[in-house]
Amino acid sequence: MKMIQAIIRHEKLGEVKSALSEVGVIGLNVTEIQGRGVQKGATRQWRGAVYDVDLLPKIKLELVVDDPMMELAVNTIQKAACTGNVGDGKIFVWTVDQVVRVRTNERGKEAI
Amino acid sequence: MRKYTVLTLIVLGLMALFPVAGAADPSGAANPATLEGAMSSINYIWVLICAFLVFFMQAGFAMVEAGMVRVKNVANVLMKNLMDFVMGTVVFLVIGYSLFMGTDIGGIIGDPTSAFLLMGDAFDVGTMLSWFFMLVFAATAVTIVSGAIAERPKFKTYLVYSAVVTAFIYPIYAHWVWGGGWLSASNFMVDLGGGYGALDFAGSGVVHALGGLLALAACVVIGPRIGKYTKEGKPLPIPGHNLTMVMLGGFILWFGWFGFNAGSTLDGNQLVIAKICVTTVIAAAGGALSALLISWKRAGTADLGLTVNGMLGGLVGITAGCAWVEPWAALLIGTVAGSIVCYGVWFLERKGVDDVVGAISVHGFNGLWGLIALGLFADGTYGVYTTDGPLVTGLLYGNAGFLAVQIISAAVVAIWALGTGFALFYGLKKTVGIRVTPEEELQGLDISEHNVSAYPEMVTKELAMSQEVQK
Numbered sequence: 118m119k120m121i122q123a124i125i126r127h128e129k130l131g132e133v134k135s136a137l138s139e140v141g142v143i144g145l146n147v148t149e150i151q152g153r154g155v156q157k158g159a160t161r162q163w164r165g166a167v168y169d170v171d172l173l174p175k176i177k178l179e180l181v182v183d184d185p186m187m188e189l190a191v192n193t194i195q196k197a198a199c200t201g202n203v204g205d206g207k208i209f210v211w212t213v214d215q216v217v218r219v220r221t222n223e224r225g226k227e228a229i
Numbered sequence: 433m434r435k436y437t438v439l440t441l442i443v444l445g446l447m448a449l450f451p452v453a454g455a456a457d458p459s460g461a462a463n464p465a466t467l468e469g470a471m472s473s474i475n476y477i478w479v480l481i482c483a484f485l486v487f488f489m490q491a492g493f494a495m496v497e498a499g500m501v502r503v504k505n506v507a508n509v510l511m512k513n514l515m516d517f518v519m520g521t522v523v524f525l526v527i528g529y530s531l532f533m534g535t536d537i538g539g540i541i542g543d544p545t546s547a548f549l550l551m552g553d554a555f556d557v558g559t560m561l562s563w564f565f566m567l568v569f570a571a572t573a574v575t576i577v578s579g580a581i582a583e584r585p586k587f588k589t590y591l592v593y594s595a596v597v598t599a600f601i602y603p604i605y606a607h608w609v610w611g612g613g614w615l616s617a618s619n620f621m622v623d624l625g626g627g628y629g630a631l632d633f634a635g636s637g638v639v640h641a642l643g644g645l646l647a648l649a650a651c652v653v654i655g656p657r658i659g660k661y662t663k664e665g666k667p668l669p670i671p672g673h674n675l676t677m678v679m680l681g682g683f684i685l686w687f688g689w690f691g692f693n694a695g696s697t698l699d700g701n702q703l704v705i706a707k708i709c710v711t712t713v714i715a716a717a718g719g720a721l722s723a724l725l726i727s728w729k730r731a732g733t734a735d736l737g738l739t740v741n742g743m744l745g746g747l748v749g750i751t752a753g754c755a756w757v758e759p760w761a762a763l764l765i766g767t768v769a770g771s772i773v774c775y776g777v778w779f780l781e782r783k784g785v786d787d788v789v790g791a792i793s794v795h796g797f798n799g800l801w802g803l804i805a806l807g808l809f810a811d812g813t814y815g816v817y818t819t820d821g822p823l824v825t826g827l828l829y830g831n832a833g834f835l836a837v838q839i840i841s842a843a844v845v846a847i848w849a850l851g852t853g854f855a856l857f858y859g860l861k862k863t864v865g866i867r868v869t870p871e872e873e874l875q876g877l878d879i880s881e882h883n884v885s886a887y888p889e890m891v892t893k894e895l896a897m898s899q900e901v902q903k
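These protein sequence lines are chains U and A, in that order. Following this note's numbering, the residues of the first sequence are numbered contiguously, the last one being 229. Following this note's numbering, the residues of the second sequence are numbered contiguously, the last one being 903.
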């Protein structure tokens, strides 16, 4: 099993969710976060003075899939979240040791 | 306890000095059931409705200021806006109104005992109408400082400041212009002006220049907020937390301003009130438009905060001349006012004056501009709060003397406001202290001064700046 953590643009959340649903990935968690990538943020203006914001608001998407689904899910997210501009985000993947469904105590991929 | 007993005895003793006179009309029973009486009733209703509108401007100031500060200082700013009105009401009853409108003493002050607690001859509907209208104006002047020095003053010091300004600083200058004092009524000024002395229809100078320049003194004495400037002295923007509040406050102030200006006829039977509303609305539009274009050019995008400030600057600029200038002149006055706001805000910021809401430029600089603009553009169609002559004319209509009078008036309000302002704020700094500790300031005044949070259920975070926090 793999944990996929995707940092994406706010406005892309809807498209990413729909695209994942279409390939059969339903369960996911969403968090609003602030962060920065290599471009170090952006500028805003207040009363005519421009200032730098080095932490930008982003959406963090977390989902766990069975190993064979991983490549498809990652590709789906990448395609749906991409605008081609700086600040589109990142996707991280790592291995998950165990999953437990609280209601039934099922283990492993049955519990995903 | 003993202290309070002594205080009560002093107050009772003072009250005994003012026996209730028979001449006053505390219930309005003397108003005759004639046409004249009906016209008098129209005036009362007009002045009261306008006073209610001016009172509502307190809500406008509260919203603009609350929106322009960070989440951690919202409750403190709101408390200041409430309490300066409350303190002002009490001291205006005790001494402020008497110094302002009491029987003139030497052209300098009104007799300080003439309307003490509105007793005796002052226990009269006519005096109370005037007292109420003048109170809401005084409160407008006082509340201007609150936004300029937001996010750092001690709350109790602000209470003392409010009382001193409404009791002494505001009434004395207001007496010189509106209470029969030397600026408006001395022989020298009347001769120079060509039949009338310094004029200020609804208070560009009396209310706004005074409040705005007191704010300048306050900002200089209290110093900038932590984090406003880098170690090299470069100013950093500190964005406010809620532009919706700023915009709502801006509209409330604009709405209230129609009462502020048109109500200053003190007479609902003068149809010039229609013209006053027209010049008022035009100047506000001119101010907003020029501030929009200037800030747009500098930042590359249309800025809401400065555009609202420009609109308010236009209103301040037209306040002195609203009854005396033509609509085209109102547009010009407002347009100039909008640019004064933008360049004033940026100039002060570069000079190390941290004015959170732009009050010094909006009210102070434009208050002075309003007085001078009246001296330039008065068109000779309206007299001194009456349709009878002498009609008021400015430089463009051949009366250079009146412009000189207005320039003197502007210089006097600047000297008075900055002189008393620096004395007051340095005095407060040396005694009760004017500023919270750096720890309290970083934590936010909501907690340090009131131990509340304006948004207890909201996870709040400082908007991240790329620079490290500057101490």
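By construction, these hints were calculated from the structure, which means they are not laboratory data. Small disclaimer: the values here were computed from a predicted structure and weren't measured. Treat the hints with care, as some may be off.
Derived lysine-lysine pairs resembling DSBU-like cross-links, with alpha carbons at most 35 Å apart [stated by the list, open to error]:
1. A:K660 with U:K207
2. A:K663 with A:K861
3. U:K177 with A:K783
4. A:K588 with A:K862
5. A:K666 with U:K157
6. U:K157 with A:K588
7. A:K862 with U:K157
8. U:K157 with A:K707
Hints, one by one, checked against the model:
1. A:K660 with U:K207: 34 Å, holds
2. A:K663 with A:K861: Holds: A:K663 and A:K861 sit about 24 Å apart, inside 35 Å.
3. U:K177 with A:K783: 43 Å, violated
4. A:K588 with A:K862: 14 Å, holds
5. A:K666 with U:K157: Answer holds: A:K666 to U:K157 is near 21 Å, not above 35 Å.
6. U:K157 with A:K588: This hinted pair is violated, its Cα atoms lying about 43 Å apart.
7. A:K862 with U:K157: The hint is violated at about 45 Å.
8. U:K157 with A:K707: Not satisfied, since the Cα-Cα distance of roughly 55 Å exceeds 35 Å.
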